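Engineer: My request is simple: use the sequences and hints to build the entire structure.
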Amino acid sequence: MAQIIATVIFLVMFLLIISEKLERHIVTLLSGLLTLVLVFGVCMHSMSAVINTLNFKEIGTLTFWYQAGEAAETSSGINWATIIFIAGMMIMVEGMGNAGFFRWLCMRLAKAVHYKTVPIFITFMIMSSILAMFIDSITVILFLAAVTVELAQLLKFNPVPMILSEIFCANLGGAATMCGDPPNIIIGTSLGYSFGDFISNTGLIVICALVLTVVYFFLVFHKQLRSDGTVDTSAFPDPKTAIRDKKSFTISCIIFALAVVLLVTHAQTGLTVATIGLGIAILTLITSGKEAVDLLKKVDYKTLLFFVGLFVVVGGLEQTGVLEVIAGLIAKVSGGNIKLMIAIIIWGSAIASAFVDNIPFAATMIPVIKSLAVAQGVDLSTLAWALSMGTDIGGSATPIGASANVVGTAVAAKHGHPIGWGKYCKEVAPATIMVVLFSMLFIFVRYL
Amino acid sequence: MEKQLIISVGREFGSGGHEIAETLAKHYGLNLYDKNLLQEIANEKSVAVKDLEKYDEVPRNLFMTRTVKGYSNSMEENLANMQFDYLRKKAEAGESFVVVGRCSEDVLKKYPGMISIFVLGDWESKVDRVVRIYGMSRDEAENFMIRQDKNYHNYYCKGKWGDSRNYDVSINSSKLGEEATAEMLIDYIDKRQNKH
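Protein chains in written order, with this note's numbering: chain E, 1 to 448; chain S, 1001 to 1196.
Read the hints as simulated data drawn from the structure, not as lab findings.
All of these numbers come straight from a predicted model, not from anything done at the bench.
One or more hints might be untrue.
[What the hints assert, rightly or not] In silico SDA-like links for lysine to any residue, alpha-carbon gap of 25 angstroms or less:
no., chain 1, residue 1, chain 2, residue 2
1, E, Lys423, S, Lys1069
2, E, Lys414, S, Ile1189
3, E, Lys21, S, Asn1061
4, S, Lys1045, E, Tyr447
5, E, Lys302, E, Trp80
6, S, Lys1191, S, Asp1106
7, S, Lys1054, S, Asp1034
8, E, Lys223, E, Lys423
Structural biologist: Structural data, given as structure tokens:
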């Protein structure tokens, strides 16, 4: 009974998120509440399930903030490390945006390549990937797409091919690191992997795939990128005009560099992502003086609450054993064949993420792969990399698969450039299939 | 300064509401905003108007689009909002005009100079009119009429489309014909203008 109710709550939650009738954080919080009351309370009469899922005790432990040596897998339930880290990065990114960092960077790069369309196209793709390794892809695309539209108007080219390539590269870049994409943060903190683990596994796949991607998009789009006639670039806005205040710009650059260093070295320093997120947030707030209150107000609390509710609902599926049933199903279908198991995970995650939010999907799949690893004797990390690549890259396939796609196509639409499913999928879905296929083969060759 | 007059004309497809709006615009010497708003927006954004046409007055497809942080990737929704913003800008600038559809009775309701009209018609007369004007068969005309308007309006506005409580005047154009209906509306508008 508990299993049925937990599954129904999960499915209804998913449908309500898709329908957008209610804001998604309200949907997950209500679903979370129902899970606590109906599943844990009424059906299971288990206070310990409630306590385990709410997971407050985790925050009070030393290992939550500092982990000398190998990081351990965390317990199920609300993944507070993910929430604190994302909140911290949101504050840092707001500070950077306020200082004009992103706009400056885009304009500076465009100027560096003398406003030539094809070099802008290639450098923006690479920049999109690199920025998305450390910053959420929504922010990356928000700034990049806005500057792309502006440049397209000045240079008289069609911005759509460039925006589509930037979206794909932002999702690709996000897959490279532990902090690049929410599924990776959840996978990393839940399974105890470090930044280094990600960069040396998914990161390597992403770097190779990025080369393929740049070549692919160049071949597909180079004819559409021709600028109409010659343009006098001397009247273009100076990148320096993007910087609102030199002092805060310098500070935000230093904080960003510090965040990157701390993240890259966190396995060595023992600082957890929660500590880094909190530290970076405090540093940003202290250095932003009077604007600190504004920065705090701009934090996207709705997304944080969305995560809280989501983790509770997934906790319900986990505690009732539903996810073990799914794991058993995958094991049965694959008949113990590891290659088939990985193919199911990577393609299953990719296809699901193409249509539904990849965050709930990844959160749901983590206990599934844990259970598979134990039952089938497969290396958990191999399954984790397959899950990461599947969810992160699969989301690129459709205009609704990942947040970056929605924001990028929305910016284009706001400026009068419609990007429908047909146009989007025709250009981007083949790249998605190519990279997922490449990732699968890479995993087969390297780990099996 | 002359008093602002904004005439919002909602209509059932085939009711002749658009022609009535044209008559009103001509009578009062006002600009008429309808599909031509798209051209204005296309010029503003430096894009081709034909790329926007198919998204005009169409509701958002909930399963094919998403909203993230207030950014919707539905072109229909973005185009609707661009038109609403355009109308608000015109109204804010004090311009008097006639507007057909585009949720204008809801979007512009805060302007005291706005008079909202809804033109409806008998089913048979509407079908006859659509068959006559668009050269369709009766079946095609009926199917076409069912698909129009309602969903678009009700997605973007609080008030329901065609609900007489949301309009100053709701009138069945089949009873008097387009011309006499327009004359009656002119009489009403004049009285409203003189009242304040």
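Engineer: A separate judgement is required for each hint: does it hold in the structure or not?
Structural biologist: These are the hints, each one checked on the structure:
no.	hint	verdict
1	E:Lys423 / S:Lys1069	23 angstroms, holds
2	E:Lys414 / S:Ile1189	36 angstroms, violated
3	E:Lys21 / S:Asn1061	13 angstroms, holds
4	S:Lys1045 / E:Tyr447	51 angstroms, violated
5	E:Lys302 / E:Trp80	15 angstroms, holds
6	S:Lys1191 / S:Asp1106	22 angstroms, holds
7	S:Lys1054 / S:Asp1034	14 angstroms, holds
8	E:Lys223 / E:Lys423	16 angstroms, holds
Hints 2, 4 from the list above are not met by this structure, while the remaining hints are.
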